[in-house]
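Participant: Take a look at the letters that make up each chain.
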Amino acid sequence: MTRILLKNKLDDCIAAWRSAGFSVLAPVRRSDLSRFDEVERSADMALDLVLTERTIKDHFFPQTEPLVKYRIKKHDIDSQEMLPPDRKRVFFGVRPCDASGLAIDDPLFGWDYRDEYWFKRRDNAVIVTIACTASDDFCMCTSVNLAPDSTKGSDVILRPLQNGNGWLVEALSDRGNALLEPIASILQEGSESPAPSASVPVRFDVEKVMEWLADPASFESHFWKDISVRCIGCGSCTFLCPTCHCFDIQDEGDTYTGIRRKNWDSCSFPMFTMHTSGHNPRNTQSTRWRQRIMHKFNYYRGKFGVNSCSGCGRCTRQCPVDMGITETLQAITNLPK
Amino acid sequence: MGIQEQYISEAAGLLSSGAVKLVIGYSEGSTTDRRRPVFVRTPAEAERLMLDGACVANLSTYLLSEGLLSDGKSVAVFLKPDGIRSINILAAEAQLNPEQLVIFGFDIQNGQARPLQGRKISDFTPIVEAARAAGLSPELQGEAERLEHISAAERFEYWKEQFSKCIKCYACRQVCPMCYCRRCIVDVNQPQWVNTSSHTLGNFEWNIVRAFHLAGRCVACGGCDRSCPVNIPLRLINHRMAKEVLDAFDYYAGESTDQKPVLATFRPDDPETFIL
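As they're listed, the protein sequences go chains U and Z.
Letter by letter, the first sequence follows residues -11 to 325 of our numbering.
Letter by letter, the second sequence follows residues 1339 to 1614 of our numbering.
All clues given are correct.
Taking lysine-lysine and the BS3-like style, the derived pairs with C-alpha atoms no more than 27 Å apart in a straight line are:
(1) LYS57(U) x LYS1498(Z)
(2) LYS(-5)(U) x LYS140(U)
(3) LYS1503(Z) x LYS76(U)
Computed from the model, here is a short list of chain Z residues facing chain U with C-beta under 7 Å:
(4) ARG1372
(5) PHE1377
(6) GLU1499
(7) SER1535
(8) SER1536
(9) PRO1567
Simulated from the structure, these hints should not be mistaken for laboratory data.
All C-beta atoms in this analysis are idealised placements derived from N, C-alpha and C, irrespective of residue type, glycine included.
Looking at chain Z on its own, in the form it has when it is part of the complex (with noise of 0.2 Å):
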């Protein structure tokens, strides 16, 4: 039996059993290519279900959807290492309890979904600590090394011309599971802290204000990259705070549901004077 039929009929037992209330995965998308998120809430729907290596959108976004588990019931969600990443942060920061998740982990080999073995957050360590000694997006390395190579004034002028181009939809933002504040700063109006125009200065304020606040956080899944309409290559950035944090703290976002977010926490012993 292959993953999806393997992962179809098993989530079909958790919804008849009514182990889980709702199975977030894939299903067939508008073209061949395609495959787009599905809430499959009965036994048969989860004949909609769908694993291939098309399946590349992290599905964590949707866990904090308003309500969702705040009943406490279960739900099984089908992720790749980066949505498992997710989760521990999301745990890490309290914002879900990880107990009430049923992960169908798999990967993305030479194109093709290999299950990953498990079901509980706890089991996927080994899977977390495997895509760290992988190193930080290797298909990142050149481009980015690129960019740190030329002059500080080229790579103004780079950002300057991609982020020219961001008409500030926040398809970065929506599809990211870091970016779950109900009301995120640039919407925060009484005053308006952030210019909501998308003018060279305002699309500076959103992109700096949105990688701040991925660094240490970010798990590299590229739904922003992927997701932006205007092709504006945000894994870069990403990539660029991921290395920043790993380089200067020794940390990858991630590991563990009691992992301390970085930039939330200190050291006594910090040999910068600066902290106490």
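Same shape as in the complex, but just chain U (with noise of 0.2 Å):
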């Protein structure tokens, strides 16, 4: 006997959470954009999608936000650090890809010093995944050994029912645990089996793809020239990627007063590296493309343990020239040897 929660109940369940004092946030589309956004019921969800358009990292990695309010005084400064406001949240609905990508990051944001913009949002969060029954032309977690059920970053995984009507409930961490506590009554006990998870063709061969970036004479490869000539370098595969987490860091406001502000940047725009000397060491768009690729596969890995990938396709699903790492990791996989 497992525990089943049935649509027809979610509203009850949005309701109980909220009532505990979560901010339930789910699939949504609003204004033309697929995205998590909190909702009050159940008819705001958008649970049918493959995929939102945006990630959840929005909401621990905001595309801009404010660190610090500064005021700069004849011998002294006043500085007021914004920390974002203790804030329980579930995020119902969250896809396996998209919850990978924040434990992928949590290393990341606290490796030489602990980043609380971050883990205050991490620590608050509790991430309800729904394994995924259908996928797309471009979903390709099991080709970066993830799958549609994977349970990494998730504290709650929830397996659609084959009838359809809800869904199997599992917790996965302490923090998934209690949040079933004020849903408890609305849960019921049954046996009904989960339908099939998706079926996601493996699409390269990761292994073989890593040995190839790990070898020294891989870097100044002809292939990155060739593999990357269509890019017109915009940021889209990065700022929709739910592992990208590259900044930028802007002071906004005039010479005494402002905001210091954490904005997202990414390695596709040539001004990422440029130095104040006017030398540029990535200066063509096939070294920034290498990087992007080397630092998800090779470097990452070395320091982390982990790829920098959590196979949800985004980077080809929206790229505006059909580019993508699924291409270029095939195209790596197919290298003669």
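Quick one: dock chain against chain with the hints and give me the complex.
Facilitator: Now the structure itself:
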């Protein structure tokens, strides 16, 4: 016997969590864009999407966020940290790739110092993931050793029932268990079987890719120029990525008062590596694309023991010129030995 | 012989005779309904070229890739009427020499690619005239008119909502053949002229700067709109600017290679007293 959440109990469930002090965020389609946003009722949710266009990363590492308010005085500086508020949030209906993305980024934000802006949000969030029963042509989780029902980064996993009426509920962490308490009376006991997971083909050989990238000779390979020739150098793939985490620090204000902000930045942009001298060590798009792939499948794993890709496929799905990680890694897989 | 076979064979011929060093066209994409830009350098590679109703990207963007045309050699490129207008503007703005281009012109009608006669930019004058006669983006008329007729406050709310989605990935800029500045104003950072933050103010700044720089230059290829990963209806802004320029100055962007840029020209007999 396992616990089941029925779809027709979803409104009770949201109400119970809200009364317990949680904000509930779920996939929604608003202003012609699918993303995670706060919901008050199940009718607001767009749970039938394979994947939202935006990732949940946005709610932990926003595109722009204030860090410090400052005022420069004659012999002193006043500064005030602007940490995010303590707010308990449930993310309901997350896909396994997006949940994995958070777990992939945790070591990065906690490595040389603890980024409170990230962890304050992480520690107050409960991730309720729904395993995928559908996928599209761009999904590639199985190629990066994840799966449509991966539990990485999730606190609760819901497995859709075969009959489509609800989900099998499994708590995966203390936070997940605690989240099920307010809805204990809403859940039912049942023995229904789960629907089969989405079938996502393996699109490249990640082991071979990692081996090739780790070979110093690959760095100067002509491959990079050939594969990236049509890249237009926008930041779409990096900004839609559930694991890309690069940022820039900017001060906004006048000479004496202002706000220091943390803004997303992208290795696709020439400005990303431009030196004050005017020298740019990555002065072509091919060197920038190489950096993106190397970072994800070579450097990141060297430092944190995991690849910085959870296989969501957004980089290709939304690329203006139909490029992306899949094509590049397929091409590396197919390189002659 | 269909248009695809005809153009492949001609492209292969141009490459083998050395008449062009490169063909910029379309090839198979990652799904059956996608076509992606392809750069063909040998006759054998020409077999990868495809041409059908899914070939929508305006490939003129790639012509200003750094160094591509600076050796004086010729390049062939697949272009729809919007792309042909882009070439006219880029030539008028002294960004390229259209004599270096062999144009495989095509149009999409009822989902099918149809050939356009001619290979030189001057051959397509009647095509551009026909485009002007057909009116500005008829497919946008409904939504454009709805926005015209709501109150200024409602319109502001609409754009605030849309721009709030912007993440400043600059896909709209990078895909646009008219955005060829080697260093965009938003990247000028000593000092930082435009906020890099993608908050409401920063997003308005960027989107308005972009729209103004495209007034009288946008050819409505829709590349920005299609590329926007957060679905901002950028074509509606461009359309409004094109309409303004057409109504005020009887100016249709990209008519010829010597058409004077509308915002960089004046006439001594201009009725506005502030000009002279």
